[in-house]
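Since chain A is already given, all that's left is putting chains B and C on it; use the hints.
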Amino acid sequence: MENVETKKDDVVLRVKDLHVNFYTNQRCNKVLRGVSFDIRRGRTLCVVGESGCGKSVTANSILRLLPELSRIESGSITYYKENGEPVRLDQLEKNGKQMRQLRGQDIAIIFQDPMTALNPVFTVGYQIEEMLREHKKGLTKAQYKQEAIEDLADMGIPAPEIRYGEYPHQFSGGMRQRSMIAMGMSCDPKILLADEPTTALDVTISAQIFDLMNELKEKHGTAIMMITHNMGVVAEMADEVAVMYMGNIVEYGKVEDIFTNPTHPYTKALLQSIPVLGKGKNQKLEPIRGSTPDPFHRPKGCQFCPRCDYACPQCEEEMPPEEWVKEGHYTRCFNYKEVMASGK
Amino acid sequence: MLNFTLRKLLGMIPMLLIITFLIYLGVELMPGDVIDFLIPMDQLAEMTPEQVQAFRVAKGLDGPMIVRYFNWLKGVCTGDLGYSLQNNMPVSELMAQKLPATIELSLAALIISTVLGILLGVISALKKGKIADNVLTVAGMIGVAIPQFLFGIFCIILFCLNLKWFPVGQRGDGTLLSELHHLFLPAFVLGISMTAGVMRYARSSMLDSMNRDYMKTARAKGLPEWKVNMLHGFRVACTPVMVLIGFRLPMLISGSIVIENIFQWPGVGRWFTDAVKTQNTPIIMSVGLFMVLLVLLSSLLVDILTAALDPRVKLS
Amino acid sequence: MTNTKVKRTALDRQMDKIRDMEESGKLSTHLTNRTLRKLTSNKLAVLGVVMFFAICLLCFGAPLFTKYSPTAFALREKMQAPSLAHICGTDQMGRDIWSRMLYGGRISIVVGLGSALGAALIGVTLGMFVGYKGGWLDNLLMKIADIFLSFPQMVLIIIIVALVGQSLQNLIVIFILTGWPSMYRMARSKVLSLKEEEFVQALRAFGISDLKIAFKHLLPNTLGPVVVNITLSTAMFILQEASLSVLGYGVPQEIATWGNIINVITNSGTIRFDWLGYWWMWLPCSIMLILFVLSINFIGDGLRDASDPNQIG
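Going down the list, the protein sequences come from chains A, B and C. Going by my numbering, the first sequence opens with residue 231, and the numbers climb by one from there. Going by my numbering, the second sequence opens with residue 12, and the numbers climb by one from there. Going by my numbering, the third sequence opens with residue 27, and the numbers climb by one from there.
So that you can see chain A by itself, here it is in the shape it has in the complex (with noise of 0.2 Å):
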């Protein structure tokens, strides 16, 4: 039989050296290339990174939500749940019974846009009570709609019995958004999963997102994996961090400890190339030179070299393992005591 982690402390969702390919155009790009972390109960893990380093690929393969031409080539998904055994989310039929089942009623997505991850032809009750229907099998039709409009209000949606009926283009950006975690949460989903949620909104209204989304944490005990690619939101919404590059995730760690005291080389440059609040005109900011590699040409080793000021010939030939710098927080670089060693 396929191992299972065990399961320690309050993990829900352990990912596993993850691998995973895309096929579109008789090519083949390894968008994944060995991903591990560790979603825990009622903490918010925020993934960062540029765009197309794989970010949204890790959260689509979770829920098996990846396009037709694409696949798991090889790792683990363990699913803790409550009560029971664990499951292997990757060796689930794709949209078979099983996974249907965890969908929205164990795992739950949000997605980035929400004018578009929306039915237009659809009102938004409807598409609530869609997913009430699919799981909370037996209630009457009225008793469906009552909840719906109570999600709703849950959220904050105000006159939500008469937002039921409405559509979606009828709704102002902050309010779809709004309506799409109700929906993510109508079924008290164990885990939330927000890809990029408020990159398409204003600040103030992002900001009113994000406490929404912490109050969900204390009230239910959601564990949150929350995909972005702002390090102010990082700072602001995370427990834990995962930083990603190129398919990989360089840095894995508390908050604190990221923030604080970066072990990987990207980590450092990025946390150097954001202007800081408060700390006025004069501050140095580098941008990280050179550019995102090719896909199909990528470099032999550690993706991140060319453009790394730590580099040295072994990061040429091969990509570096995970090191656990201490408990909880991993890096995948050789150099990373020097990184660590050279300070602010």
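Treat the hints with caution; some may be incorrect.
List of simulated lysine-lysine pairs, DSS-like, C-alpha gap at most 25 Å [stated by the list, open to error]:
(1) B:LYS238 / A:LYS367
(2) C:LYS69 / B:LYS138
(3) B:LYS227 / A:LYS366
(4) A:LYS375 / B:LYS227
(5) C:LYS221 / C:LYS159
In silico negatives: residues of chain C with every beta carbon more than 12 Å from chain A [claimed, not checked]:
(6) LEU37
(7) MET47
(8) VAL76
(9) LEU302
Distance windows between CB atoms, simulated [said to hold, decoys possible]:
(10) A:HIS527 / C:ILE113: 55 to 65 Å
(11) A:VAL433 / B:LEU242: 32 to 42 Å
(12) C:SER193 / B:ALA69: 31 to 41 Å
(13) C:PRO89 / B:MET76: 48 to 58 Å
Think of the hints as simulated: they come from the structure by calculation, not from any bench. C-beta atoms are modelled at their ideal positions from N, C-alpha and C, and glycine is treated no differently.
Just chains B and C, lined up with the frame of chain A:
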């Protein structure tokens, strides 16, 4: 909605006037004198100019063109479509006999082509790249390449003469079964190239819909694949396809002219071509009016269907 | 444990193959020009090109392929079934059908292609320039185009043919007359959408004349859909010519065209059932017509797929 419809209908009137005038002008300019079609040569040779003139007046063929046109227009408004120059029967009566046949044929072809086209197009999309898709695509392309009359002849040879499944042309004798039996083959043939077009459009519309984000959201809710494809994918995909029903109706009317001849279908198509040959003005005008009216109404139908099926569209 | 073994499907095997090829570095040397790649990999389009040129060769190089004249009749040899002397037999006037198919094909192809090109020339030119300028001329032309498009095509064509009489030139003119409005609308809508692009503003700011903007800069952008439209219109006109011949409104019967050959089995519309048995008089020609139209459709489709930026290449 009502407001919009009324305004659109009113807007059609100028167009109708211009077009009917142009048709009248066209008939007027046709070479030859309509008298030649009405009175046999030898008789004409024997008549005096006064007799010919009296004949003209009796038939309403004298006077300047504009006057005659307005007379005709007046007639239309009161429901009098004139009399066939050949046999003096009231056009409205003849119209009442033949129009239903053409409408029946066109509607049947519309229904067959739309239903079949959407069905096959969706199947093609769902099985994209596989054998079913390739076969259907090529079949569709062949369908568009065959002239309708030829397809009609092929079908008649195969289904009527050889297999004897269907009667050769003509309408049924009144009972529903007989009507359908006679209607099916001509309607199918009339709609065949349309079916291919609808199928292709439905396929690309469905593929486009299946690529959208809301499909992923639907899956993420745990819905089974068939619900995702039909409820979400198909529902959005069929809107543009259905809407274009409006544009397809006139094309069918156009094609019915040929098909009615092939299948001996007693509709306005054949009547029209004969009337053009003999410069039978009242018939040409009436049929022309009806056809143009239909085209204009179809674009109105397109607008209404769009608003009905897509909640994002508001009729302005 | 809720584990299930993952099944290996045919798709899996395909993906394995691609992965192995990628890893051994074989895939990066593929054809880089996306359009060319899509065209050549579209087998139907290639087939279409082959069929198209084959038939054109047969028709325009007719003397090479047949020794008979399309109009020479020999009543003693009428209605003969296909034989070594006559590949497709003879018709009711003793004329060799194969030669009529080839020479007739010339006319049909010229009618189809010529009308499509003519309609495109007028429609696109007007659409580009007038559509770009806008103003009262644009409104007028739109109204005229709408009027033309308000007629079911057959009705319009029949009326005009009755008006001006049947002849080859007339038919081409009529087709162009009924074909330009849709070309015009298509070109115009493309121009209108391009007009708002910033590069047009820049060109205007540089003082470049409207004429030059319309033809040197906007035209290349519309060429894609225009070419596709031309191929599909050609097919449509060839089909219409055949239909008109069947009704008796096509090219005069003395001139051989595909439509005039096939219409032996109809008597201005109604089928002559007794002649259906003489299959060689209409079936081979029908097949040639269908193959030719099919080949044009394949090519047009291939062009459409290749030039459509929304399709993943």
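Each hint, compared with the structure:
no.	hint	verdict
1	B:LYS238 / A:LYS367	holds (16 Å)
2	C:LYS69 / B:LYS138	holds (19 Å)
3	B:LYS227 / A:LYS366	holds (21 Å)
4	A:LYS375 / B:LYS227	holds (24 Å)
5	C:LYS221 / C:LYS159	holds (10 Å)
6	LEU37	violated (8 Å)
7	MET47	violated (8 Å)
8	VAL76	holds (25 Å)
9	LEU302	holds (50 Å)
10	A:HIS527 / C:ILE113: 55 to 65 Å	holds (58 Å)
11	A:VAL433 / B:LEU242: 32 to 42 Å	holds (36 Å)
12	C:SER193 / B:ALA69: 31 to 41 Å	holds (36 Å)
13	C:PRO89 / B:MET76: 48 to 58 Å	holds (51 Å)
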